[in-house]
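Protein chains: 2
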Amino acid sequence: MKTILVIGAGMSSSSLIRYLLENSTIYNWKVRVVDQDIKLAERKINGHPNGIALSFNALESVERRPEIEQASLVISMLPARFHVDVAKDCIDLKTNLITPSYISPEMRALDEAAKKAGIVIMNEIGVDPGIDHMSAMKIIDHISAIGGKVHSFKSFCGGLIAPESDNNPWNYKFTWNPRNVVLAGQGSAACFIEENQYKYIPYSKLFSRIDLMAIPGYGEFEGYANRDSLSYRGIYGLENIPTIFRGTLRRPNYCKAWDAFVQLGLTDDSYKMAHSEELSPRTFINSFLPFKENISIEEKFKKAIGYDEDIYHKFEWLGFFDASKVMGLKNVSPAQLLENILVSKWTLDPSDKDMLVMFHEFVYELNGEKKKLNSYMVNIGEDSVYTSMSNTVGLPAAICAKMILNETLEITGVQMPISAEVYNPILKELEENGITFLEEEFDHQFIG
Amino acid sequence: MKTILVIGAGMSSSSLIRYLLENSTIYNWKVRVVDQDIKLAERKINGHPNGIALSFNALESVERRPEIEQASLVISMLPARFHVDVAKDCIDLKTNLITPSYISPEMRALDEAAKKAGIVIMNEIGVDPGIDHMSAMKIIDHISAIGGKVHSFKSFCGGLIAPESDNNPWNYKFTWNPRNVVLAGQGSAACFIEENQYKYIPYSKLFSRIDLMAIPGYGEFEGYANRDSLSYRGIYGLENIPTIFRGTLRRPNYCKAWDAFVQLGLTDDSYKMAHSEELSPRTFINSFLPFKENISIEEKFKKAIGYDEDIYHKFEWLGFFDASKVMGLKNVSPAQLLENILVSKWTLDPSDKDMLVMFHEFVYELNGEKKKLNSYMVNIGEDSVYTSMSNTVGLPAAICAKMILNETLEITGVQMPISAEVYNPILKELEENGITFLEEEFDHQFIG
Chain L
103 MKTILVIGAG MSSSSLIRYL LENSTIYNWK VRVVDQDIKL AERKINGHPN GIALSFNALE
163 SVERRPEIEQ ASLVISMLPA RFHVDVAKDC IDLKTNLITP SYISPEMRAL DEAAKKAGIV
223 IMNEIGVDPG IDHMSAMKII DHISAIGGKV HSFKSFCGGL IAPESDNNPW NYKFTWNPRN
283 VVLAGQGSAA CFIEENQYKY IPYSKLFSRI DLMAIPGYGE FEGYANRDSL SYRGIYGLEN
343 IPTIFRGTLR RPNYCKAWDA FVQLGLTDDS YKMAHSEELS PRTFINSFLP FKENISIEEK
403 FKKAIGYDED IYHKFEWLGF FDASKVMGLK NVSPAQLLEN ILVSKWTLDP SDKDMLVMFH
463 EFVYELNGEK KKLNSYMVNI GEDSVYTSMS NTVGLPAAIC AKMILNETLE ITGVQMPISA
523 EVYNPILKEL EENGITFLEE EFDHQFIG
Chain Z
103 MKTILVIGAG MSSSSLIRYL LENSTIYNWK VRVVDQDIKL AERKINGHPN GIALSFNALE
163 SVERRPEIEQ ASLVISMLPA RFHVDVAKDC IDLKTNLITP SYISPEMRAL DEAAKKAGIV
223 IMNEIGVDPG IDHMSAMKII DHISAIGGKV HSFKSFCGGL IAPESDNNPW NYKFTWNPRN
283 VVLAGQGSAA CFIEENQYKY IPYSKLFSRI DLMAIPGYGE FEGYANRDSL SYRGIYGLEN
343 IPTIFRGTLR RPNYCKAWDA FVQLGLTDDS YKMAHSEELS PRTFINSFLP FKENISIEEK
403 FKKAIGYDED IYHKFEWLGF FDASKVMGLK NVSPAQLLEN ILVSKWTLDP SDKDMLVMFH
463 EFVYELNGEK KKLNSYMVNI GEDSVYTSMS NTVGLPAAIC AKMILNETLE ITGVQMPISA
523 EVYNPILKEL EENGITFLEE EFDHQFIG
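So the sequences go chain by chain: L and Z. To convert, count from 1 in the first sequence and add 102; that's this note's numbering. To convert, count from 1 in the second sequence and add 102; that's this note's numbering.
Since the hints were made in silico from the structure, they are not lab data. Hints are supplied without guarantee of correctness; some may be wrong.
Given that identical chains are not distinguished, each listed pair holds provided it fits within a single copy or across any two copies.
[Stated by the list, open to error] Taking lysine to aspartate or glutamate pairs in the DMTMM-like style, the calculated list, with each CA pair at most 25 Å apart, reads: (1) LYS405 / GLU512; (2) LYS432 / GLU341; (3) LYS251 / GLU395; (4) LYS427 / GLU296; (5) LYS447 / ASP410.
All figures in this text were calculated on a predicted structure; none of them were measured in a lab.
Only chain L is shown next, with the shape it has when bound in the complex (with noise of 0.2 Å):
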């Protein structure tokens, strides 16, 4: 008997644990998962007998570690930072250990230490980071054992509502953090390459130089550029390549409504406002257009966003010139004011289905030829828990696990998945959940 500590029961561990639960007697396992709240524990465990919900702060050493002493696997869904003291303690305990985060600076180092105590670190084995890089690097390395040459790489990927749920101007419900959603972009400027010269696309600019894509029975997709895109040519082999670029996705015209937003001041984190707690959505929004005696603020507004009556609604929907409800949050900023705001409004409903969206775009050289390949995913989830956000970044996590105690994936070190012995079992694993890969090839007459 294995038994697999899972710490953090909260939204994206949902699928996760179902699967590592489902497949508990088969393979013989104790699914352990720990949380604050032990009643979340409980239920995403849901009385099954393999499962045992456990309450204990996993932020303490102490406290955790002799959960992982007696775990053969640890899963950290914790927040991205707190997992490197976790990694120390498993380096220690000689447990393996999965991430679905970023590789930090601080993991990175942890390197030598995790082979020598024989264990694997596999971060960024989510949806993105994860099933990015798994279904990027079957392709690239696909085009490089053909001959062929990658010239243009360029992928984005986004959370979004389901067609059959969406039911709102925005056409965009939170899937995920919206703290997040609301900084998204923030910090330096997006960064990518186009035909070897590096570009630069500032905050104020990043939300309205988009890019329009079409996805073969989902209709029109926008995507702005993350901030960073440069980082992949390393991770990706692609060193020399003379265009990377990585985007998110939205669907048409949120990008320009958001921008209103940026362009607006709503964004901003930097500083607290006054008397913040007396605002509603209309006072909120009035503090950032210009004062003009007898002038409503409608009409203020609708001067700012030049007219656009499709922001406007959008606006007017959220009830930004709504005065009758009062926030009453003190000392916070813009974008806390925002968020409060946004969540209010796109929450999911418990019926509600989100929908996540990856697409790659690969222009490559073959035999003198240049060729385009689209490769794209699109996944709906099975409701507000098993969301496809939950079960894109858990699935990855989950059959990792599987191989990594059923010994059929054996590296050691801090890893990615980005080598075929990972990505292919998981791809083909995934494929049999339904998060399924379609590709559309081009001959070079049609590469504009």
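Given chain L, put chain Z in place with the hints provided.
Only chain Z this time, still in chain L's reference frame:
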């Protein structure tokens, strides 16, 4: 014989040192000037028998303490962050101190210790801060004395190029630290109140939401908001004022073109550009424009600025479309590259004169009537050494030094020049030196 220690002999110390030396014989002063660069100190003293040039590291307490100990007064012209350490030595050694910089919280905390030591630490006694405080408080105290109540206070200041030296399409040259000009307004939004409504202008809107004004004899100016207007309420005793606004002055159409820098992302100092040492002004600006095959950089730029010919001309004049000169700056930010381009074009010629402009607009109620009072000062520099910037920063500090040494000003503690006993004699002597405020009064029917 009394000794004055001036720390720092840079650009803004020229007029200060000259005033002290000119008055040194009458008042029996020795003026000791320290700078890392002894040549600079010697040049400022220019052979005057009462001046002594010194060179040591004034940032080291052990090096400066013997000099502070033998002085009656220290004037610190160091960068603002170093003043507090100097102040602690001055308290220890019971030596008075003058700085032209804003009072930091750490400086504020020394108030009691300074009082106990029986010394004054006079801060914010340059031009902005400095002359702004004095000229505003004189009017505020006057309005209060005649029974009026200030309803609105808007105040602008700008360091500009004198009309006779104004020979570039930006109508601007650097008269103080170029880096500060490039980074101006970054960080949290500009905040002010208008008719009791808190208003915020984010950086991305700062240079497009401008005020226009005319100054008799000097033509038109435009003003953009400073980040902090609110703290002046407490300083000036205007806690419940409905409208308060502080701004920075430029010549018309400057802000619109500066906004193009902001919108492109050229003022960003938060990251380093890849291979920055290879960039020319042309490839630098192209890094922020979309990749378009067969469309020139000029054409892409024109589109980005909405085909504004005036902005295009200003950029062209700065050499932005020049590919011939690689800047050669390794591992630098966009802001550093922009500064490099601007310094090469906006530096004062030896024969150039600068211009300091200050403009206050008061609306106040008196006997049930609304009245408006404008007060403004325009000062032209002597040359590129005794600039208006140097005169307006240095003379208030120098006059205050005289008052402290002659014991006509007898206050202690951490101070700024907002009381009549400080501002009256200083404003009077500034007038004798050609730094003069003119006033225009308007009846209520002319108040827009």
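Tested hints:
1. For a Cα distance limit of 25 Å, the shortest separation of LYS405 from GLU512 qualifies neither inside one copy, at 62 Å, nor across copies, at 55 Å.
2. For the identical chains of this complex, LYS432 and GLU341 are inter-copy neighbours only, at 21 Å across copies versus 48 Å inside a copy, given an alpha-carbon limit of 25 Å.
3. In this homomeric assembly, LYS251 and GLU395 come within 25 Å of each other (Cα to Cα) only across copies, at 22 Å, whereas the closest approach inside a single copy is 63 Å.
4. Taking the closest pair of Cα atoms, LYS427 and GLU296 come within 25 Å of each other only across two copies (23 Å); inside a single copy the shortest separation is 47 Å, beyond that limit.
5. Taking CA atoms no more than 25 Å apart as the test, LYS447 paired with ASP410 passes inside one copy only; the shortest distance there is 21 Å, against 40 Å between copies.
Going down the numbered hints, you'll see the structure goes against just number 1.
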